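Chemist: Below, each chain spelled out in residue letters.
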Amino acid sequence: MKLNFHKNHKLLFGVVFWGFIFLSLIIAVFPALWVQQENEPLPASEPMTELERKGMKVFINEGCVYCHTQQVRPITMDENWGRPSAPGDYARINRPSVWRQTPAVLGSERTGPDLTNIGKRQPSSVWHYMHLYNPRSVVKESIMPSYPWLFQVVENPPKDATVVSIPGEYGPSNGKIVPTKKAKALVAYLKSLKQVPMDAKPTAAQQAKADSVAAQAAKKKINGATIYANNCASCHQSDGQGVQGVFPAMAGDPVVTAEDATDHIRVVLYGLQGKTIAGTEYQGIMQPFGESLSDEEVAAVINHERTSWGNDAPTVTPEDVAKVRNNDELNKIQAEE
Amino acid sequence: MNKPSAVRSVERPLTVEKAKAEERIETSPNSVRLIFSFIACSAFWLVFGTLVGEYLGLKFVWPELDTISWLSFGRLRPVHTNVVFWGFLSQGMLALALYVVPRTSQRELFSYRLGWTSLVLMNLSVVIGVISLMAGINNGAQEYREFVWPVFAFFAFGLMLIAYNLYKTIADRNVKEIYISNWYILAACLWTIILVLVAYLPGYQQDGISQTVIQGYYMHQGVGQWFTPMVLGLTYYFLPKLLNRPIYSYSLGVLAFWTQMVFYTMIGSHHFVFSPIPWWIQTVAIVFSVGMIVPVTAGTGNFLLTMRGKWRTIARSYSLPFILVGVIFYAIVSYQGTLEAFRSLNKVWHFTNYTIAHSHMSMYGFVSFLVWGGIYGLIPRMTGNEPPQFAVGAHFWLALIGVLVYSIPLMIGGTLQGLSWIAGESFIESVTLMTPYWVWRAVGGTMMFISHLIFGYNVWKMRPTTDKMTKAESVNA
Chain A
1 MKLNFHKNHK
11 LLFGVVFWGF
21 IFLSLIIAVF
31 PALWVQQENE
41 PLPASEPMTE
51 LERKGMKVFI
61 NEGCVYCHTQ
71 QVRPITMDEN
81 WGRPSAPGDY
91 ARINRPSVWR
101 QTPAVLGSER
111 TGPDLTNIGK
121 RQPSSVWHYM
131 HLYNPRSVVK
141 ESIMPSYPWL
151 FQVVENPPKD
161 ATVVSIPGEY
171 GPSNGKIVPT
181 KKAKALVAYL
191 KSLKQVPMDA
201 KPTAAQQAKA
211 DSVAAQAAKK
221 KINGATIYAN
231 NCASCHQSDG
241 QGVQGVFPAM
251 AGDPVVTAED
261 ATDHIRVVLY
271 GLQGKTIAGT
281 EYQGIMQPFG
291 ESLSDEEVAA
301 VINHERTSWG
311 NDAPTVTPED
321 VAKVRNNDEL
331 NKIQAEE
Chain D
1001 MNKPSAVRSV
1011 ERPLTVEKAK
1021 AEERIETSPN
1031 SVRLIFSFIA
1041 CSAFWLVFGT
1051 LVGEYLGLKF
1061 VWPELDTISW
1071 LSFGRLRPVH
1081 TNVVFWGFLS
1091 QGMLALALYV
1101 VPRTSQRELF
1111 SYRLGWTSLV
1121 LMNLSVVIGV
1131 ISLMAGINNG
1141 AQEYREFVWP
1151 VFAFFAFGLM
1161 LIAYNLYKTI
1171 ADRNVKEIYI
1181 SNWYILAACL
1191 WTIILVLVAY
1201 LPGYQQDGIS
1211 QTVIQGYYMH
1221 QGVGQWFTPM
1231 VLGLTYYFLP
1241 KLLNRPIYSY
1251 SLGVLAFWTQ
1261 MVFYTMIGSH
1271 HFVFSPIPWW
1281 IQTVAIVFSV
1291 GMIVPVTAGT
1301 GNFLLTMRGK
1311 WRTIARSYSL
1321 PFILVGVIFY
1331 AIVSYQGTLE
1341 AFRSLNKVWH
1351 FTNYTIAHSH
1361 MSMYGFVSFL
1371 VWGGIYGLIP
1381 RMTGNEPPQF
1391 AVGAHFWLAL
1401 IGVLVYSIPL
1411 MIGGTLQGLS
1421 WIAGESFIES
1431 VTLMTPYWVW
1441 RAVGGTMMFI
1451 SHLIFGYNVW
1461 KMRPTTDKMT
1471 KAESVNA
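Line order of the protein sequences matches chains A and D.
Going by our numbering, the first residue of the first sequence is number 1, and it counts up by one from there.
Going by our numbering, the first residue of the second sequence is number 1001, and it counts up by one from there.
With the rest of the complex left out, here is chain A (with noise of 0.2 Å):
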């Protein structure tokens, strides 16, 4: 028959068949290969634990990846999410059964957060049962689900459980609230969720991306507000008032609004846990700002704190705050804590 894609079938679409097959095998098949072969964890990470994997399946089983990214760009407009992601970050994410494919983390949208760096952000279990038994708990203008299924109500709970204690509105009318083993699951997930560093050259691409991205950054203006907005108000909230008995209130609060304000600093820098704050024991965990954040940074929120909500305590310089950091007295006390 004659070469004619008009009238031989057998031609026609033979061509679109197999050409389809060779364009794919170009574009998807042996680049997703070439990327397998050279997939490696970054050295300083560290493999799931059990829980960890656990919870990971319960995140893509709910769906969390349809509003939460995991992936920082090597853009200026990411830098707040961490450093830009490589390939070395994913490695340890792979098939769990035969039955499913490889959790697709990375995600497409971003109506939530980046998860990217959430463990670090966020390091408290508290925070994160209030948060996903009722988002709107500790995150008034939220819009994610709640997801009490993850969650129990019990009357008596025993002795050993974890409780999470909600405020009143937000909690049930009686009982107590014991997350599930999938919360538990879930939360190490999400607190597992780091980035290390990474040892690997990255590429030229990548390199030439972040040389522009740490020039934007030395330009870029700080703000005490969008910086408290974006580290701080998930618990100790945008008005300052904190949550009862979880997080306390940063408005007149004695060490905010203490005259020196060398503890104040120390705990912006260091974290805190544990403390009783005028009678009250708080059940959250602060993490440390002090790798996260700059000097100029900390400064630039502390007095944020120091001057609003009623507050009205002397404000702290970059230097002030450089001067706690270099004191070995102060950071012997620290590691010893």
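If you're looking for bench data, these hints aren't it; they were derived computationally from the structure.
As the structure is a prediction and not an experimental result, all values here were calculated from the model.
Here a beta-carbon is modelled for each residue, glycine too, at the ideal position from N, C-alpha and C.
All clues stand as given, with none of them false.
Simulated coverage check for chain A against chain D, where a stretch passes if three residues somewhere in it have a Cβ under 8 Å from a Cβ of chain D:
hint, stretch
1, 11-18
2, 21-31
3, 89-97
Once the Cα atoms are required to be at most 20 Å apart in a straight line, the calculated PhoX-like pairs of lysine-lysine come out as:
hint, chain 1, residue 1, chain 2, residue 2
4, D, Lys1168, A, Lys10
5, A, Lys191, A, Lys54
6, D, Lys1168, A, Lys7
7, D, Lys1018, D, Lys1461
8, A, Lys181, A, Lys159
9, D, Lys1310, D, Lys1020
10, A, Lys181, A, Lys54
11, A, Lys140, D, Lys1059
12, A, Lys191, A, Lys181
13, D, Lys1176, A, Lys7
14, A, Lys191, A, Lys57
15, A, Lys120, A, Lys184
16, D, Lys1241, D, Lys1020
17, A, Lys57, A, Lys194
18, A, Lys10, D, Lys1176
Since chain A is already given, all that's left is putting chain D on it; use the hints.
Modeler: Relative to chain A, chain D alone:
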């Protein structure tokens, strides 16, 4: 002679009278039953899938609408996408293809039994898939392949049978030339079979990023090598047929076909611009995204030039306005897609609600409108039963205004989201600023959903009735 006054309202009916469908075409009752069954299933999945979509849209405004695990956002979102993909649109397109391919090959469908088997398999897949997704069982939340492989295998097998069925019909055609529609339709089936196999087979796609490379390839072509060529192929039949004039340029159709195949296949990874997948794949994707201007311009230009000067005919038809809207949206979303792929604009729009607007303009404004145009153009002529003109008009206008009210606010809001992130505002700002746009989305979505109920009613009105079927049978006997 007294001309009637244009402003005298008493003589104006509520709707402009549309041309009645021409006389019936001769189709075997076998084929009418099979095609109509595909359309009935498609209409059911449309109503179901968009009811879910509407509900999801409301959750952005009222996140506490319910606290039932089976109805939570993360589980219902893939239900919405998969139902409209594999339930509504796939079956609607295949219904029309089951008419166009035999018609243009001038013979009966190769096997009706295989056709019915495909229908059953595909619906089985969607039903089981929906239940499993709601129960929280998915395929690693990989977009558009959320059905686990044992479930999607039903669909894939149904698709293979259809492809075989159509191939045999074309191979035994009673004309020399293979009409251009059949190029597109059968190619779409073949490409999608390969696509699904590449997406589900193990080996080369294993951990993190290697899986993402395949996902970029799959998630884009699940749309672009299935729905796009399929509806284009159908339009290459229905548009000239309904206008009663040949397609403007056959060669442009051929050019668009080959460029579609080569360019489109390469661009999947533009969904992962700035991600850690190899930089060269992203660049190739962006370059070929620009290349897509060729098939899109060739395709839409061809259709619009076929319509030139026939605007009165289009206005008087109730199926052609759907096709006109579909063609215009095809051009808009495709050029928009090219823009979204550029790194500079991707920065603003990626991860925002802008992409939701884009996907609805393509799957709805483009694909769904062309499918509806085909259905309204074909079914009344097959069954002899016309839908009420008012109801078709209501479907058209509610769907069109609905999708505009849906997508324009999301494009504005999505852009503001991106700009808020670039400005370094706190993240929650980008959530609260969206509230008014999400309300508009819910309003548009409600209009779209109502139009689907009307479409369901119209399908019921167009159903094959016993008296007309027996008449047809006696004619054919």
